[in-house]
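A.B. asks: Numbered per my numbering, the sequence shown spans residues 10 to 174.
Since the hints were derived computationally from the structure, they do not count as laboratory data. These numbers come from a predicted model, not from an experiment. Beta carbons are placed, not taken as given, at the ideal position from N, Cα and C, and that holds for glycine. There may be inaccurate statements among the hints.
Claimed, not checked - Pair by pair, the computed Cβ-Cβ distance ranges are:
hint, residue 1, residue 2, range
1, Arg-136, Pro-81, 21 to 29 Å
2, Arg-108, Ala-139, 34 to 42 Å
3, Ala-140, Arg-164, 39 to 47 Å
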Amino acid sequence: MRDVRITGTGQLLNLSRDLRRAGGTRLQRNFARRIRRAAEPLKDDLQTAVRTLNVRSEGGHKRGGPSPTTRPLRATIAAAIRISVRTTGSPGARIWIDRAALPPDMRAMPNRLDEARWRHPVYGNRRRWAAQYASPWWDVTIRAHTARMTAEVERVLDDVQRDLT
């Protein structure tokens, strides 16, 4: 699973340099706030996509029920999705899953969910294993937002460049 990054374009780098030269902390904060605001709908949709992800078990068994732990898998992963925005160095936005926010036994699960198949012991019994399946959700959700994000970032860049001149 890849992070989502809107970074490194020549236009972002030039704008970052111009913001530093202008010394406008107000402009930098405005730039960062608007880039974050452009990324928020993607973060929200990623969280919704993982929360509503249909997880099926091998053979189509309908057994299951509430999570035997206090850490439901999909809600825990959704809560670990983060956004960070940088206005210096490599300016842009990044959306990722913060694995440090996940319990140690769940750190590989975001990738497993997106790969669509994983195996696990049944209620911790290592002599009995189950396979579960899900549909890819990360890249599908990102692709749905790519055009909107690109247009929004271009609009932010144009507005901030206009403020600088």
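A.B. asks: Hints first: check each against the structure and report whether it holds.
C.D. replies: Hint check results:
1. For the pair Arg-136 and Pro-81, the supplied restraint of 21 to 29 Å holds, since their beta-carbon distance comes to about 25 Å.
2. Separated by about 24 Å at the C-beta atoms, Arg-108 and Ala-139 break the suggested range of 34 to 42 Å.
3. At roughly 46 Å, the beta carbons of Ala-140 and Arg-164 sit within the given window of 39 to 47 Å.
Consistency with the previously given hints fails for number 2 only.
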